[in-house]
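Protein sequence lines, in the order shown, are assigned to chains A and B. If you use my numbering, the first sequence corresponds to residues 12 to 159, in order. If you use my numbering, the second sequence corresponds to residues -8 to 109, in order.
Errors might be hidden in some of the hints.
Here chain A is said to cover these stretches of chain B; the calculated rule only asks that three of the stretch's residues, wherever they fall, bring their Cβ under 8 Å from a Cβ of chain A [said to hold, decoys possible]:
1. -7 to 6
2. 12 to 21
3. 26 to 35
4. 54 to 62
5. 72 to 80
6. 90 to 102
Don't read these hints as lab results, they were simulated from the structure. We treat Cβ as the ideally placed atom computed from N, Cα and C, and that holds for glycine.
The residues making up each chain are set out below.
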Amino acid sequence: MDKMTNKDYQKFVEEKIPKPIYLKNAINAFLIGGLICTLGQVIRNILFSYNLDEKTVAIGTSIILIFLGSLLTGLGIYDKIGKHGGAGATVPITGFANSIVSPAMEFKREGFIFGVAARMFIIAGPVLVYGVGSSVIMGILYIILTKR
Amino acid sequence: MEYLKAFLVGGSICVIGQIILDRTKLTPAHILVGFLIIGVILGGIGWYEPLVKFGEAGATVPISGFGYTLSRGSIEGAKAKGIIGAFTGGLEAAAGGIAAAILFGYIMAVVSNPKTKD
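Only chain B is shown next, with the shape it has when bound in the complex (with noise of 0.2 Å):
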């Protein structure tokens, strides 16, 4: 049953960005942007956090769980330790995510070649 919520959730979020591609201007780098900070805002208001309840992966796994991670983080920094906690717990609740990209992403296009397109 979570396979199956995590699928409608997740789908729906890309359908989403894909309609945007279709209908308008904007480039793939645009969606992530938007979907992420659409994900910070909905996250500091406390409307993504029923989404993950219900899509748990579906939710947490397109670009606007990782703004939700980023802000949800960075509130309770806040609420641990005040304006220093606000600057720091974003990060710090992302830092896995962020750490992973840069190692993986630096290895993989170092040992690989771009493939000729056909």
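Pulled out of the complex, with its shape left as it was, chain A reads as follows (with noise of 0.2 Å):
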């Protein structure tokens, strides 16, 4: 009887506490994201209307995109940013460029070489080595399953 009301109880615990922070949580990383990729949108649109072709236009939205994203972390609003959007500011390259420039910045006073250009790849090291690592598996896949 005792643990049944206390199992009762740890249920309406949950049940009431978390969810709004999650629904709020997954509503502004919602927003923020599709804001950030709407954005890249508008880039995309611009840089397209310069005739160039589609794989151009990507290589250079993301290169505007990460421009921003270091900047605005330099500046200290894409922190802000980053703490309504949650992931909605992580996952978007920008965020990339944030997990880059934000401990290098941060690490700076150990110098150039083992603070800012070492402190650099604390994110982004994992996120090359696990992208780069599996794209040259997925080609060598693509040989070994298309000849036969």
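Taking the hints as your guide, dock the two standalone chains into a single complex.
Given below as structure tokens:
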């Protein structure tokens, strides 16, 4: 009987407390992430208007967004966006730029080699390791699976 | 219309990340790497392409789009130059973004200082 009430109470607490936060976080992530992607679409359309091909446009959009992400991180604005946006600020490519500038800035006093340059890759390093590694495997798998 | 599609697709991808962040003990770094690998795999098996066609920047701006670029480049390289192409293609396709991240990241980190948190 006691156990039941405990369980019920726990259920009650779990239901009451975290859900509104989850919902609010999800909505914020959706809005911020969606807005960053819409900004990407604006840049994409502007670049397309210069008669560039698809690949050049894609690369150009990434470069501009990475520039904006780095700049806003340097100015301290991206952290504020991240505070509200959560994954909405982390997942877009601007968040990748943020993950480079943020730790590099933080550890500048350790010097330009082991401080800035090394810390730049504290998150970007794993991203490149897994991204490049797995994409090479994809290419090799493609060769193996299509050569029969 | 394409702005709305980009907003919806991009927003949805970020919501998935937010739900994983809230429900598990994974950190944003895990999310970045995880979404990247998912992008590589979906790009490799050709499932990410339709999402890019539909959502455009909504699919290419999230980090999974970076993974898609890597694996598409690697597979295109493999088609053109065989095994060597599989090694060079991915980075070739993503080179612009990586070079920009390194250059801009370095410059911004050198010229600016962390803001005190309030």
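Now the hints, each set against the structure:
{"no.": "1", "hint": "-7 to 6", "in the structure": "holds (count 12)"}
{"no.": "2", "hint": "12 to 21", "in the structure": "holds (count 5)"}
{"no.": "3", "hint": "26 to 35", "in the structure": "holds (count 7)"}
{"no.": "4", "hint": "54 to 62", "in the structure": "holds (count 8)"}
{"no.": "5", "hint": "72 to 80", "in the structure": "holds (count 6)"}
{"no.": "6", "hint": "90 to 102", "in the structure": "holds (count 11)"}
Hint check: no violations occur; every hint is consistent with the structure.
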